[in-house]
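Peer 1: Residues per chain are reported as follows:
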Amino acid sequence: MTVDSTAARKSRRSGAKRAGAKKAAGEPELVQLLTPEGERVEHPDYSIDLSPEELRGLYRDMVLTRRFDGEATTLQRQGELGLWASLLGQEAAQIGSGRATRDDDYVFPTYREHGVAWCRGVDPTNLLGMFRGVNHGGWDPNENNFHLYTIVIGSQALHATGYAMGIAKDGADSAVIAYFGDGASSQGDVAEAFTFAAVYNAPVVFFCQNNQWAISEPTEKQTRVPLYQRAQGYGFPGVRVDGNDVLAVLAVTKAALDRARTGEGPMLIEAFTYRMGAHTTSDDPTRYRRDEERELWEAKDPILRLRAHLEREGLADEEFFAALESESDALAKRVRDTVRAMPDPDHMAMFEHTYADGHALVDEERAQFAAYQASFAEETN
Amino acid sequence: MTVDSTAARKSRRSGAKRAGAKKAAGEPELVQLLTPEGERVEHPDYSIDLSPEELRGLYRDMVLTRRFDGEATTLQRQGELGLWASLLGQEAAQIGSGRATRDDDYVFPTYREHGVAWCRGVDPTNLLGMFRGVNHGGWDPNENNFHLYTIVIGSQALHATGYAMGIAKDGADSAVIAYFGDGASSQGDVAEAFTFAAVYNAPVVFFCQNNQWAISEPTEKQTRVPLYQRAQGYGFPGVRVDGNDVLAVLAVTKAALDRARTGEGPMLIEAFTYRMGAHTTSDDPTRYRRDEERELWEAKDPILRLRAHLEREGLADEEFFAALESESDALAKRVRDTVRAMPDPDHMAMFEHTYADGHALVDEERAQFAAYQASFAEETN
Amino acid sequence: MSVEKLTIAKAINASLRTALETDPKVLIMGEDVGKLGGVFRVTDGLQKDFGEDRVIDTPLAESGIVGTAIGLALRGYRPVVEIQFDGFVFPAYDQIVTQLAKMHARALGKVKLPVVIRIPYGGAIGAVEHHSESPEALFAHVAGLKIVTPSNSADAYWMMQQAIQSDDPVIYFEPKRRYHDRAEVDTAAIPGPLHAARTVREGTDLTLVAYGPMVKTCLEAAAAAAEEGKSLEVVDLRSVSPIDFDAIQRSVEKTRRLVVVHEAPVFFGSGAEIAARITERCFYHLEAPVLRVGGYHAPYPPSRLEDEYLPGLDRVLDSVDRALAY
Amino acid sequence: MSVEKLTIAKAINASLRTALETDPKVLIMGEDVGKLGGVFRVTDGLQKDFGEDRVIDTPLAESGIVGTAIGLALRGYRPVVEIQFDGFVFPAYDQIVTQLAKMHARALGKVKLPVVIRIPYGGAIGAVEHHSESPEALFAHVAGLKIVTPSNSADAYWMMQQAIQSDDPVIYFEPKRRYHDRAEVDTAAIPGPLHAARTVREGTDLTLVAYGPMVKTCLEAAAAAAEEGKSLEVVDLRSVSPIDFDAIQRSVEKTRRLVVVHEAPVFFGSGAEIAARITERCFYHLEAPVLRVGGYHAPYPPSRLEDEYLPGLDRVLDSVDRALAY
Ligand SMILES: Cc1ncc(C[n+]2csc(CCOP(=O)(O)OP(=O)(O)O)c2C)c(N)n1
Ligand SMILES: Cc1ncc(C[n+]2csc(CCOP(=O)(O)OP(=O)(O)O)c2C)c(N)n1
Ligand SMILES: [Mg+2]
Ligand SMILES: [Mg+2]
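Protein chains in written order, with the numbering used here: chain A, 1 to 381; chain B, 1 to 381; chain C, 1 to 326; chain D, 1 to 326.
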């Protein structure tokens, strides 16, 4: 897997109108390496050369992620989860960027980065605990260098920047990637993260999945110019990539991470994509957007696109697709079984972990609660 | 007084290297209409044509503002004020922008806009109450459309934006100007103000006085690119003006305000200037900056510059300067006398104005305090 | 006919509609309040009927929402701002505490900021983190704010009318778990004072003070206690700043025992202030210390634990028993 | 010799220096903390000796400061962050409350955030708005934070050592009006527990509880009362979360009367929590209700009024008299 890591330094402007720099009327250019029809195109600044196995790997990642995601949605409908935030439609943005990271890089997700979690090796069933309501985050962030989901919009951009400042202090050549949405771009914390990252030249890549919607609000409610342009004013480059093109996302993210690790500082990537489903299972998008929009984007489906490419180039056979189908089924079953078996936390868990070193009041309340619970046991006796 | 109000729409780049667009090596261009030597130059995008009387008026404004400011510093040293935040060196940025406003425009200052307050007709002695500690803001903001000083850095940028949104709702053709410093540019609130202003196309001009320092921190601690560039990423224009050139500041601000009032939305002006004194009377700049820097900037003194122009062109005679000197002395005396006579607030004032419609607890505490005070009176009896 | 059976959510919606109709300066602002009608549909239909100029979908930035609302108020508008969930008010905390709360005093009364901040609050809806908190104490300590919270539809309607009419900033906490509770609202009634408590059940043995979502819980507790022959009085506080201490005092002078119930953590919560002040006022009347029932000193837990974390019938009754045992 | 006479400001400086020397992961961050050494000179000389990489002048953005400190802590650093003045902590409030306080619990203990937030607080320095506030109650209500505040140089030194060593986030409130008070510091002593209160004057008639700047005021009040034959015990709380209720209880069981003194507004302040809990614990011991002396429910006033606004000797003694009169 090779990616031209110096590419990002070249001017974005120079790529305009050339092959690979797609631009609809009035829309800004967009790095693209795979057309919606599955055709490979070149881009002057970003190149990629993947083996058939690597391409199949990306396809597999996306298919399994989508299957997992669908299963989670079903589990929510069945009452096994309280909520689910689906990534449907954003698989390429997440798998492409997730696969661009190295093990020693650190990832700060929002609440929707199930595909990135997958790439990092987080067991998908671990993601479900918080949506089931048994915990607020069920994995050890340091095991896979994948931070907990952050729900308060934009906060994690600063954590990522601080972490990256720490990497720089350590003299390490790792990098950090901070995910956030188009809506999040309006939060002061994201702006402050840009400022700190620029001033300290921190090795952090800001990865904005512009999925066109922040719940019911279209991106025009957050900005009147393309979001990738935000970066310039803070003194680092921004680029818009076709977020439904896993190859382009991979190439651009890898270039940005390499740039960061070689001391060239932060970069903003805007992955232009689409939230094909509802905001979460609590949401009803029919109230605020038209079916036609979704249909338009279905034609750009990131999975179909790579499949078309694999088929067109003869890089995967029926057997591969069939095996993947079984693997998907197995994953779905495992997820189902694991979730259903997830026990409710012990009541006393409320009193754990508020502090690392303990706190007298917590001890007092724990004891009171235990006595209170015991009083019921007595009554029953 | 005529200013080319359409100028700001033209590209900033087009002005590079031309007369009036001053650019030191490595430094970005800067709109200038008056050189440090007092020579009038033209700028392709911004023009101005002032009568001798108007020029003398600007000079008078700057001289009186500086004199007032110096008097306040003295009063602080004498213990009459608890603190003073001097505008020394920033007279052109403030008088130029202040004189660009119309009566129906609304101004949101920081804590240092004494020159703007002057232009708005706020009695300078009113500014001293908060520094003396007799109030938190001694004037009626609606009398001169000049808001109270805001101390929490950056907050007022949002108030200004909201106010401007209100103007747009009213269909009025007024505009708003929001002042803030180079340090303030890092605050999330300022970024959010940019976002709201852009999305709602609010008639607000963001006026950043980059005086090179935020207390002890040079601008490099806030940004690695010139601040005026920040605006682009939010979708509105930014321009850097020579903040020590009152004519350029006036022209650029008037253009930006006119732009705003004709529905073209927000604009960012970075007035490149210098804080010639300490941050406040509590500050000791010798701890963090070198005298040479200050000396360099003294050569660009905004008042000397306009005086040189007036003299060079024969626009003001000795009589004018002498009269102004007396006027300054009179102002200084009035300020001195007024401050010294400023009474301490009545103790019961603590309990006033927390609420507009009253609050039971405040009533209770007021009564208790009154009884408590009365108990001393009794004891003395 | 001006009497209708409405849910709390619909009552607030109706009240906002009335305000938009009667005062052209009233605005609704927030994330998703427009086309979507808010994630709880409290602003449903308002943008459709009053336009995008009056019912404004804002950028996703709470400080920006409150900060621009302040500016709009300075221009003469009366913005009613929605914070989508309790846990998301904190990005706006600086604007609320340093600007909204203080500007009237700073200006010696020369500017008024009639801003209402609506916050759906409290738990028991099975939500993920940050969606179930009760931060009222963090605002009550701050002078310059008024804080109210209705427990029923009629109050929801009228307290919103009064909050909007107030020239002070008002934080209006909405008991989200009770949004769908339905009761009669008389939109032609003459409401009592916004900050007065109301005795919602008379009793003689002990006073329960609650507000918002806990009023219903306390009424249920009182009903259960009645079966055991205990007569509990329930006072719906309605306002957390100011607090109607006179009303609590009157009740406690009669019952001589007080239990305060809220969802927020006990430590530094409303119960502390009420206990301290009522003990001072009623020192010789109290037969037992004022007891407090509330959340624990822990982040709001995962939803599968919230039944244990939140005060429910049993915990209220347990405290009642403890108070009666003195 | 490890015993030195130091001001509180210098003691904190010395403590930070020790921490920087002994633990390479300790960082100092904030506005103007580097070259200037902070507006109060508390970090004076540290950047010069430890470099810009460890003593960091940050952009002017408090949320950014705390948010990046959290990230640095996740990377293994132990940042000590300065908020320049009490009134400027609010832009960081969201990061403190929703992230710093909750992340350890969110991660089920798998990440630790050893971040110290230094906040010079309190009034009586003749400053302009926002420079004299006491916001500790706004943090104490939030689980996940620890809150301490020294009243003297030795505590200033040692509590900072312990705060930095703690694996929990600690907010360290510095009594700015006492920065220049000087006392002996033994930098080789073995300190007591960080969150234990200390009886700083023994007495029998009434207990005064205070912390930070008010400890000295209470000691002065006790001295004055002694002249009138009243024996007041003074307890320096030292920690506002957790609060050492056992120590207060022990004292109150002896004296049977309690007055709590702080600069922060009384309404929803620390005194409320202490009054409520001590009344519950000592119901049969108390001869008088717990009285509270603090700021009024108003924004911190212009400095020419602060002497009236702040609890001083006279107001403390007035409450003492009222408590003794029961
Ligand atoms: C500070 C804050 N405010 C509001 C919310 C409620 N909320 C959750 S997701 C969301 C929209 C986010 O949009 P975007 O950033 O585009 O991300 P997406 O959901 O599209 O992935 C909102 C408003 C929140 N979680 N945090
Ligand atoms: C939120 C906040 N943080 C910190 C401060 C303390 N402070 C007052 S002025 C100042 C520097 C401001 O610099 P700049 O914005 O450049 O304005 P200038 O003082 O140079 O005019 C700081 C840090 C404050 N007032 N508000
Ligand atoms: Mg989105
Ligand atoms: Mg500055």
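It cannot be assumed that every hint is accurate.
Stated by the list, open to error - The calculated DMTMM-like cross-link candidates involving lysine to aspartate or glutamate, where the alpha carbons are at most 25 angstroms apart (straight line), are:
| hint | chain 1 | residue 1 | chain 2 | residue 2 |
| --- | --- | --- | --- | --- |
| 1 | A | 169 | D | 167 |
| 2 | C | 48 | A | 220 |
| 3 | C | 112 | B | 103 |
Derived by calculation from the structure, the hints in this document are not laboratory data.
Values in this document were obtained by computation on a predicted structure and should not be read as measured data.
Peer 1: If you check each hint against the structure, which ones fail?
Peer 2: When the structure is compared with the hints, none of them turns out to be violated.
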